[in-house]
Amino acid sequence: MYFDNHADFLKARINPDLFWEYNLKSFDFEQQIDLVVQRVIERGGSNDFYALYNLYGKDKVNISIRRIPIFGQREMEFIDVVLGVPYKELAAYDNMKKHPDKWPHRGVPIRL
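Numbering (our numbering), first residue to last: 143 to 254.
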């Protein structure tokens, strides 16, 4: 996996701008793991990924990735190629196959 060296980046922090609509003083990062993982995958930079893996660990992140119901194809390809989680194991992939007419897939040829 590309971010296996996350322990070398212990000072990395998740950009609070990814959660602009939440009050981070009362935000429960453990309870909202799926939201955090999805935001980092969809909008985060490399420091956000290092912080994500430092915060939750690889196993928790991968479990969360598998159960998140919606990702675009670009994100699913990234998850497969860069993060090492096969796209066919994703709930988002199953949902895309079942509902190709729904956002974010509507009008987009399915390449996966």
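Hints are computed from structural coordinates only; laboratory data are not their basis.
Nothing here was measured: the structure is a model prediction, and the numbers come from that model.
Any given hint could turn out to be false.
[Claimed, not checked] Below, computed lysine-lysine pairings styled on DSBU-like, alpha-carbon distance capped at 30 angstroms: (1) K230 with K202; (2) K202 with K244; (3) K230 with K244; (4) K239 with K202; (5) K167 with K200; (6) K230 with K167; (7) K230 with K240; (8) K240 with K202; (9) K153 with K200; (10) K153 with K202.
[Stated by the list, open to error] Label-pair ranges, simulated between beta-carbon atoms: (11) D201 with L254: 29 to 37 angstroms; (12) G249 with D150: 22 to 30 angstroms; (13) D159 with K202: 36 to 44 angstroms; (14) N189 with G226: 29 to 37 angstroms.
Glycine included, each C-beta is placed from N, C-alpha and C at the ideal position.
How the hints compare with the structure:
With a C-alpha separation of about 18 angstroms, the suggested pair K230 and K202 falls inside the 30 angstroms cut-off, and the hint holds. Under the criterion of a C-alpha separation no larger than 30 angstroms, the hint pairing K202 with K244 is consistent with the structure, at around 28 angstroms. A C-alpha spacing of about 18 angstroms is found between K230 and K244, which places the hinted pair at or below 30 angstroms, so the restraint holds. Simply put, K239 and K202 have alpha-carbon atoms about 25 angstroms apart, close enough for the 30 angstroms limit, and the pair holds.
For the given pair, K167 sits about 25 angstroms from K200 by alpha-carbon distance, which is consistent with the 30 angstroms threshold. A distance of roughly 36 angstroms separates the Cα atoms of K230 and K167; the hinted pair therefore is violated under the 30 angstroms criterion. This hinted pair checks out: K230 and K240 have alpha carbons roughly 13 angstroms apart, not beyond 30 angstroms. Proposed proximity of K240 and K202 is supported: the alpha carbons are some 26 angstroms apart, at most 30 angstroms.
Between K153 and K200 the alpha-carbon distance is near 17 angstroms, which keeps this suggested pair within the 30 angstroms criterion. Restraint check for K153 and K202: satisfied, since their Cα atoms lie roughly 20 angstroms apart, inside the 30 angstroms limit. At about 24 angstroms, the beta-carbon gap between D201 and L254 misses the expected band of 29 to 37 angstroms. A hinted range of 22 to 30 angstroms is violated for the C-beta pair G249 and D150, which are about 42 angstroms apart.
Roughly 23 angstroms separates the CB atoms of D159 and K202, a value that falls outside the hinted 36 to 44 angstroms. Under the hint 29 to 37 angstroms, the C-beta atoms of N189 and G226, about 20 angstroms apart, miss the expected range.
Hint compliance for this structure: hints 6, 11, 12, 13 and 14 are broken, all remaining hints hold.
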